[in-house]
Amino acid sequence: MPDISREQVRHLADLARIELDDAELDHLAPQLSVILESVASISEVATDDVPPTSHPLPVTNVFREDVVRPSLTPEQALSGAPAVEEQRFAVPRILGDEQ
Amino acid sequence: MSTPTELVDYDEALASYDPAMGLEVHVELNTATKMFCGCPAVFGAAPNTQTCPTCLGLPGSMPAVNARAVESAIRIGLALNCEIAEWCRFARKNYFYPDMPKNFQTSQYDEPIAFDGWTDVEVVTADGTETFRVEIERAHMEEDTGKSLHVGGTTGRIHGADYSLVDYNRAGIPLIEIVTRPIVGAGDKAPAVARAYVAHLRDLIVGLGVSEARMDQGNLRADVNLSLSPAGSGTLGTRTETKNVNSFRSVERAARYEVSRQAAILRAGGSITQETRHWHEDTGVTTSGREKSDAEDYRYFPEPDLVPVAPSREWVEELRATLPEPPRARRSRLQQEWGFSDLEMRDTVGAGALGLVEETVACGASPQSARKWWLSELARRANETGTDLAALPIGPVDVARIQALVDEGKINDKLARQVFDGVLAGEGTPDEVVASRGLAVVSDDGALGEAVDRAIEANPDVAAKIRDGKVAAAGALIGAVMKEMRGQADAGRVRELIVERLS
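First to last, the sequence lines map onto chains A and B. Here the first sequence is numbered in my numbering, starting from 1 and rising by one per residue. Here the second sequence is numbered in my numbering, starting from 100 and rising by one per residue.
Hints were generated in silico from the structure; no laboratory data involved. Any given hint could be a false lead.
Unchecked claim - Here are the simulated SDA-like pairs of lysine to any residue, each with C-alpha atoms no more than 25 Å apart in a straight line:
hint, chain 1, residue 1, chain 2, residue 2
1, B, 246, A, 75
2, B, 246, A, 15
3, B, 201, A, 91
4, B, 509, B, 462
5, B, 342, A, 92
The structure presented is a predicted model; accordingly, all values stated were derived computationally and were not measured.
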């Protein structure tokens, strides 16, 4: 498993909207490499006859009926918001980055 | 981009380049609840009144898949002649943007519930009706995002930094994203094919009853991917993805605009940037959004909080049996039932009015009267306001009622137009408009009789002709009476009164 480069960490930080300075990048890149190496050791035991698993239980089709359940009140929904305006969550604007 | 964009004339662009298009259409399902929680999925509620820990992404909350949404997804897939996955999973699409409080959207990635389909689209061109087969790559399940309201210094409403206000009522409403394979070989008709495809999809979705499919309300949203390649090269160029295209007409306009814009760049020796572009309805142009993220930037991975969806073949076949008749079969059946000529049918389909006419007929109007109102009076008004017929604030029930009022002799065609004005202006139902505007035709013999007497007195020559048996001359007197009654007289009754008096 190759080391994680500083540039890769910078890109990840951009995607995660975290600002990291050069010292932090130098500090984090080797740490992430270690984590990746540890996780990668799983691939040593997972041979071709072991299918990748996304869920520990062998069940499928767990559905909910399309029946309305009570929502939170707007007061409850907004109670954890750092800022509220017009019964909406007020958040910093991220320019030109709409999905 | 603030610099004015160079454009190449559309026909000129098509002489040198072949367009390839891909369409992504998001359909908001009309389930009672959201995709992964029991919050209501109703349009237009007060902000943040339809949220819960799950759709707000609060710690410890767990999603649960809406059975009806899965059923609708399978039915859409079947209607598009897709294969239905025997086993598929949801995936997390990770991105940080405040429209999704979880910091990921639960979607499907490499295991869509439906894939490898096709649908035949009829395109009305100057040469007649042509059929294009549009291949469907996939249809997958996902959830809608919240709605952001951008405020700040630029709008003048607030001093200081820009920020956004977010309403999460829409976050989590079930969406089906339908993705086509590249549509190639349509040449100069590509934009028309795009429009026809979206209109066709809407008819199909409405037929299935799985969504309101109103583009103006955002139930149906189209993204138009378009690229150009040198004519005859058979290659695919770099594409742009135009978002926010919210009417059939705009789908066609946005595609034409991108053809002209990209051709100008390519002809000048430039290259196309792969990016998201925004469509501006008012100015008819697209502007640069962001550079498109690579799929790997979304760090998709299987959603660990949900188990796989594995629709049994029995269930799929049960759902197949619930499909409505295919659009083409429906069109030929309706044409026969309504007795429309090929031309009338083509115009009706071309105007996107097939379903509207059908519903109007179901409400009791004759097919010809339904067609007349939607394709003349209402098409003209939709054109004036730059919207689609379905987006007009008037529905089949109203149109059928107005025609019924005409049939009952309560109003005539001329007054009917004023009733349309009133209903479109939000003055209420046709009956309310007739009452509030005082539009009923006068068939009361007292008032009409007096007007008839005055008309006879004022036109003695005409009256003499009618007395001599030339009943056809009555038209002049009817005209005089109508003028006096400002169009609100029952013409049939006026004729009877004239003949009674002069025979």
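Hints and how they fare:
The suggested pairing of residue 246 of chain B with residue 75 of chain A holds, with an alpha-carbon distance near 18 Å, which does not exceed 25 Å. For the hint linking residue 246 of chain B to residue 15 of chain A, the alpha-carbon distance of about 21 Å falls within 25 Å, and the restraint holds. Proximity of residue 201 of chain B to residue 91 of chain A is assessed by CA-CA distance (about 14 Å); at most 25 Å being required, the pair is judged to hold. A distance of roughly 18 Å separates the Cα atoms of residue 509 of chain B and residue 462 of chain B; the hinted pair therefore holds under the 25 Å criterion.
For the suggested pair residue 342 of chain B and residue 92 of chain A, the alpha carbons sit about 23 Å apart, so the restraint of at most 25 Å is met.
Of the numbered hints listed earlier, not one is contradicted by the structure.
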